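S.K.: Starting from the known structure of chain A, fit chain B with the ligands onto it as the hints suggest.
Number of protein chains: 2
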Amino acid sequence: MSTASATKQAIKGGEFLIRDTAAAEIFIPEEFNEEQRMIMQQCRDFLSKEVWPRLDEIDSMKDPKLMPSILDKAGELGLLGTSVPQELGGFGMDFNTTMLVAEVIGAGHSVAVALSAHTGIGTLPILYYGNDDQKKKYIPKLATGEWKAAYCLTEPDSGSDANSGKTKAVLSSDGKHYIINGQKMWITNGGFADVYVVFAKIDNDKNLTAFIVEKSFGGITMNEEEKKMGIKGSSTRQIFFNDCKVPVENMLSERENGFKIAVNILNIGRIKLGIAALGGSKHTTSIATRYANERKQFGTSISSFGAIKHKIAEMATRIFASESAHYRAGQNIDDAYHAFVAAGTDSSKARLKALEEFAIECAILKVHGSEVLDFTVDEGVQIYGGMGFSAEGPMDRAYRDARINRIFEGTNEINRLLTVDMLLKRAMKGSLDLMTPAMGVQKELLAIPDFGAAEEEGVFVKEKKVLANLKKAGLMVAGSAVQKFMMKLSEQQEILMNLADMMIEVYVAESTLLRVEKIIGQKSEKAAELQKEMALIYLHQAVAKAAAAGREAISAFAEGDEQRLLLMGLKRFTKIDAYNLKDARRKVADYVIEKGEYPF
Amino acid sequence: MSTASATKQAIKGGEFLIRDTAAAEIFIPEEFNEEQRMIMQQCRDFLSKEVWPRLDEIDSMKDPKLMPSILDKAGELGLLGTSVPQELGGFGMDFNTTMLVAEVIGAGHSVAVALSAHTGIGTLPILYYGNDDQKKKYIPKLATGEWKAAYCLTEPDSGSDANSGKTKAVLSSDGKHYIINGQKMWITNGGFADVYVVFAKIDNDKNLTAFIVEKSFGGITMNEEEKKMGIKGSSTRQIFFNDCKVPVENMLSERENGFKIAVNILNIGRIKLGIAALGGSKHTTSIATRYANERKQFGTSISSFGAIKHKIAEMATRIFASESAHYRAGQNIDDAYHAFVAAGTDSSKARLKALEEFAIECAILKVHGSEVLDFTVDEGVQIYGGMGFSAEGPMDRAYRDARINRIFEGTNEINRLLTVDMLLKRAMKGSLDLMTPAMGVQKELLAIPDFGAAEEEGVFVKEKKVLANLKKAGLMVAGSAVQKFMMKLSEQQEILMNLADMMIEVYVAESTLLRVEKIIGQKSEKAAELQKEMALIYLHQAVAKAAAAGREAISAFAEGDEQRLLLMGLKRFTKIDAYNLKDARRKVADYVIEKGEYPF
Ligand SMILES: Cc1cc2nc3c(=O)[nH]c(=O)nc-3n(C[C@H](O)[C@H](O)[C@H](O)COP(=O)(O)OP(=O)(O)OC[C@H]3O[C@@H](n4cnc5c(N)ncnc54)[C@H](O)[C@@H]3O)c2cc1C
Ligand SMILES: Cc1cc2nc3c(=O)[nH]c(=O)nc-3n(C[C@H](O)[C@H](O)[C@H](O)COP(=O)(O)OP(=O)(O)OC[C@H]3O[C@@H](n4cnc5c(N)ncnc54)[C@H](O)[C@@H]3O)c2cc1C
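Protein sequences, first through last, are from chains A and B. The opening position of the first sequence corresponds to residue 1 in the numbering used here, with each subsequent residue numbered one higher. The opening position of the second sequence corresponds to residue 601 in the numbering used here, with each subsequent residue numbered one higher.
No wet-lab data here; the hints were simulated from the structure. Just to be clear, a hint being listed does not mean it is correct.
Claimed, not checked - Distance condition first, Cα-Cα at most 20 Å in a straight line; then the derived EDC-like pairs of lysine to aspartate or glutamate:
#, chain 1, residue 1, chain 2, residue 2
1, A, K464, A, D561
2, A, K296, B, E676
3, A, K65, A, E50
4, A, K587, B, D1177
5, B, K1171, A, D203
6, B, K1145, A, D577
7, B, K827, A, E392
8, A, K260, A, D203
9, B, K1175, A, D561
10, B, K1123, B, E630
11, A, K141, A, D56
12, B, K1084, A, D583
13, A, K349, A, E254
14, A, K545, B, E630
15, A, K296, B, D761
16, B, K827, A, D56
17, B, K827, A, D59
18, B, K815, B, D843
19, B, K1187, A, E525
Everything numeric in this text was worked out from a predicted model, so none of it was measured.
Looking at chain A on its own, in the form it has when it is part of the complex (with noise of 0.2 Å):
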């Protein structure tokens, strides 16, 4: 099922900000192959007759078998196993295919976050950073499902500090267990795991350290049911250790290597969010899309009402531009790691390898993939009037089940923080040379604007201009931020932000011309017109988005003639020309309308 191909020479993560991109260079959605689509069919059919049909009874937690024996159902159809190589029972997919059918299955609510929370964040520790022996000992099982999963590192005065927690962890005196103590809170699936991968310090160390921790090992108690606001259906729960004896054999990786591993696996987690994000989104654009069709006020569908076209235009176009970035990531993702299993690494350091060079990636596409999902729930609701405040109708369980996105797997604000201090952190370990690029821009500024020669011919040609232009706009603004600051840029947070919005929106601007560039070449510019307008309407705003982040951020360092070079700068590095996206977003729209569904 690989779409890798072992000439694409080598992308790092990060790099989007300082290196052209070919469309070629991408892999895009429209790409996937049968089986792949498949795949997808099968992830749907299983929503509609496992989920969608179930979902206040899910909700309700009245049954509390009824998710593990959903999940189950899942495991049968072999939707728990995807990431597992198939010598530990699984289907060994590639990332990207994972990604998919994280997507579709995205639009599960409450079963949505169980899964992935098996899958993801309860499974992939012992399969990334098990031994042999406890691979085999627990992947199979997970794999299948007969063992559920769970994860346990946030706790009551540590959650985004995750590596502050108090859970302790002793040698037993026979030298033969660990035995736990400690608390921790909002476990995902935790009424029901039969294996907990548990983050607790060891004596005093500073770190972390991780267990594979069964239920069956005993010590282990727990609240009720946590009363959520949405995802109702999704077990969480306070759990104790309350003198949990851990065999030494079930530490997980090495002493004091846990922060590490909670890192890089919510690393993982955060673009499996951002993409199933997008499945919720796709879901509910076309559940509004049909209620806009079907009610009438004042005499119409309210569907043929401007204001209602242009929210299901803006629905539609955020859906596809973020898609377009996170599967690039994700094909990138898949690259980097059979790049590194030719080289020779083994399989499962070969995949956090590849994801952790992508980590700036996986941030920028927790944060896009959850704010398009809010975006879109909260304007299906409106679209829906009433009925949309009504727990009768599908949006109030879209609106309320959305909100977590923005606060698990690292709130949104700490992945905006990471997503530059990461990007900075590699441009001084010189892993991502920053700095030419930056003073190139620093040069450009003082050097009398080209207006260039005569224009290219190709598709994109202005656009893409735009987009190097803005690419600038943020190596400009980053790099006197950080020349003025230093190491003492951490303190100005909301500078910090300013940068991540104008990192997010260039990488995902980029990603979604660069994938109606490729469709237009495998295609026609005929076949791509909608895409087209989308990533039209969406590069506008991207750069609008990016000037007002630049200059918040340049009013707030700079002064007297450096600010003015810098908001000229920012001026000329964002400018683009006026289009009526009015039309355009009208164009998409109908297009969605008649099809009665998110059809892209």
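M.R.: Then chain B with the ligands, alone, in the frame of chain A:
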């Protein structure tokens, strides 16, 4: 309690767009007197005693008598009779004092909705349109809460299109009753109301007629309580009228006058909804700030992080700005009322005429207040992190309850459309001269920019220039759009939305500047330091929003040279000097954090 002054120049609704208002002309919340502050305190005491400790109980709806009994308590305290003249058993407060009550009670979740439905859309149709007999019969009982009221306009097929209802009223053969048949939906207080204001069509009338219907008339049945996303403690019912016999003397106002009543009453409801939303926003900001002070991560209160300060400052700023606009409009309404009464209009009619005069502002404030609330609760959830998603923390309810406000009293889409529609209608009728200043702007566009002579001295001199320009931008875009589409502008809802956004920002930004200018005049620049920062923060964002909206609109209707000219004009009219908003926000946030609550 009147704060009106007979010498004030009569101000027209919508005129803010074309008129320079002086700070002295507007009322500011800082001017509320001792008596009014005592009333606020009473309302707060009521919430602290009767509502906040019982939010779960109220929302559970286990005891259907609980909400009516809380309304009874409110009645005993006089909170239900604020708008009712003394001779009818109320307190005859100024409009702005009733706004103050609505604001504080606005933090009462479901109780706020029940109370405002009773005193507003339930009581006011009778108070303002009833004849003497009707008023004498119903108002005193409603003012004490002995009887509870509901308002039955919406039907399954008639929501935004309120005049399309199918409920029928037919005169009985003896001419003594109207027999009402039909189905109403989403009726707040439906479950326990004694009196319903019901809108129905007599025979085959084009327009609705309003009736006062007592539950005791019979022929009224209802469905179970609607299950809703939020305000779960507020009774919401579907109500069926089956040969409900209403005495002819219970027709309200005249036949076919119902739609007008509906519109005018909703209109009052709008500004009240806006200010109630701000009451909720203040409460939410206070709670979130306290949490941010208490919650520690990375060894420090999260309120010390720039990302959190940004949120707190934005919450406070938007509330402060919106509040400025609400009480400004409230006082305008009071002043207009007094002027009408002085000119011999009877009190009820004067109230209505005053409110109708400021219908544009009411629509603006409904949109703005509800959107400030949504922003505030969303950030409130985010500040709480995982606890924001817990049904046991305060933010879950705040988030769910808030969402209705963009839907009822006319959706925000409908209110945005109305804002522009009403403005243009007044311009066409000649009651508001938009043409002359719009033409002035057109001329200015073609002239060489006047960069002014020596700068004047004074508070906000520069900012007022910015504001004056912002008005020009609004007039320019609106004027050109009207010229372009003429009567077909209504088909260009997206452009109307852009225009509405420009109007909204002009009104709120101006109100904020004038408020702070007035505070400075009354006290000192030093005393209003933070308020000044908020005015600047708001102004900067208002300009950015208006510029973006203007650009979208222009790109959607103008081409070639015209487009270039308009875009250039827009740029000129939305120019604003860079300002360090980060530092401004930190100053504001630090104060809010220090006080541990919304302090302005
Ligand atoms: C339904 C649900 C399921 C969950 N499932 C799991 C699970 O299975 N396993 C697990 O281990 N955890 C789980 N979590 C926990 C989740 O990962 C945390 O809630 C999340 O990491 C945020 O931590 P917190 O709640 O402690 O918020 P806090 O860390 O207290 O954050 C509060 C606010 O402060 C901000 N903030 C914090 N630090 C900084 C900083 N340095 N700079 C700027 N802003 C900052 C945050 O962005 C946020 O806005 C779950 C949570 C929920 C609600
Ligand atoms: C909890 C609750 C309490 C309520 N209480 C009362 C009450 O006490 N009494 C009462 O009479 N009603 C009440 N309502 C009804 C409320 O006023 C309506 O829900 C509201 O007016 C919207 O109407 P609708 O639900 O039919 O939505 P629709 O009118 O169907 O609107 C659906 C969508 O279409 C959009 N739309 C509609 N027309 C247009 C147009 N011409 N142009 C552009 N967009 C358009 C809307 O903005 C919305 O986005 C209540 C509703 C709720 C949910």
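S.K.: Give me the numbers of the hints this structure contradicts, sorted from smallest to largest.
M.R.: 1, 2, 4, 5, 11, 14, 19
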